[in-house]
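Given the sequences, and given the hints that come with them, work out the whole structure.
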Amino acid sequence: MPLDSTLRLLLLSALWGASFLFMRIVAPELGAFSTAFLRVLLGALGLIVILATIRVRWNFQGKGLTALLIGMINSGIPFAMFCIAAQYLPAGYSAIFNATTPLLGVMIGAGFFHEAMTRDRLIGVSLGLIGVAVLVQTGPVAMDHQLLIGALACLIAAGCYGLAGFLVRRWVTQRGGLDSRLLAVGSQIGATLLLTPLMLLEAGSRPTLAAWWNADIWWAMLALGLACTSLAYLLYFRLLQDLGPVKPLTVTMLVPPFGVLWGALFLGEQVTSAHVSGGLLIALALWVILFKAPHPLLR
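For the sequence shown, position 292 (counting from the first letter as 1) is numbered 292 according to the UniProt record's numbering, and the numbering increases by one without interruption.
Hints in this document: simulated from the structure, not taken from any laboratory. Quick caveat, the model's predicted, so the values are computed rather than measured. Ideal Cβ placement from N, Cα and C applies to all residues, glycine included. Careful: at least some of the hints might be erroneous.
Pair by pair, the computed Cβ-Cβ distance ranges are [claimed, not checked]: (1) V56 with I149: 38 to 44 angstroms; (2) F112 with V56: 30 to 36 angstroms; (3) H114 with S277: 33 to 39 angstroms; (4) T53 with S277: 27 to 33 angstroms.
Pasting the structure below:
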């Protein structure tokens, strides 16, 4: 892999890992839906400014509504779910759960999109589920209803990411394609539309709005929206352009170490053997699914 692509991949991993840190800071103060709404709103605004600066032609080729719907599934729901999880789980936990996206994608593909279930994919899914179980049952967070709510929210988010990949292929790629930069900004606008009413309901029901005037919260929010969303999307799509669709998926294995690292450094989160063992099992599962040669098992 070229050095510049390697550096982009590491920066993208660090940014997406940091997103869990910033959600952990902001969501308990502003609320899950408000945090998710502001993230996609800032992400959309940042992308609009960038696309205007580099003079990208705004031609959605009749796929504008499709881009909005994909954004609701690929950004709106997942960001809200991860913000719900951030109210209960350490940042490192959520980052590790995020790595289950390819595992759930394999299951969704086999169940709903006629994708072949191969021996390696089945082994990978099994290893990944064991890794999740290890993290939940032996990690430093007490096994209670809050842990289960947070874990379920993360898995719903990862499932939405997995589903969105198939929808992009069916609705966009197979119908003539669309500039990935327009898909990125369109998706953030769609997510903003989805989350607006939820944000308004949540903001009106919270007993105090004092957190909205906290400068530290807004610095974290700006970093989450502009760096971890706008900039991260541009880095990811540049990697897709330079390396093709497979190699950038290694970011899925690099995000959890950064998520755990940032949580430990800036929030004092405990790092235990459960993080290591669960994370390694999930990383092994991803390697099996993404990079081993397929051996058909079921069709």
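| query | Hint by hint, which ones does the structure fall short of? | reply | When the structure is compared with the hints, only number 4 turns out to be violated.
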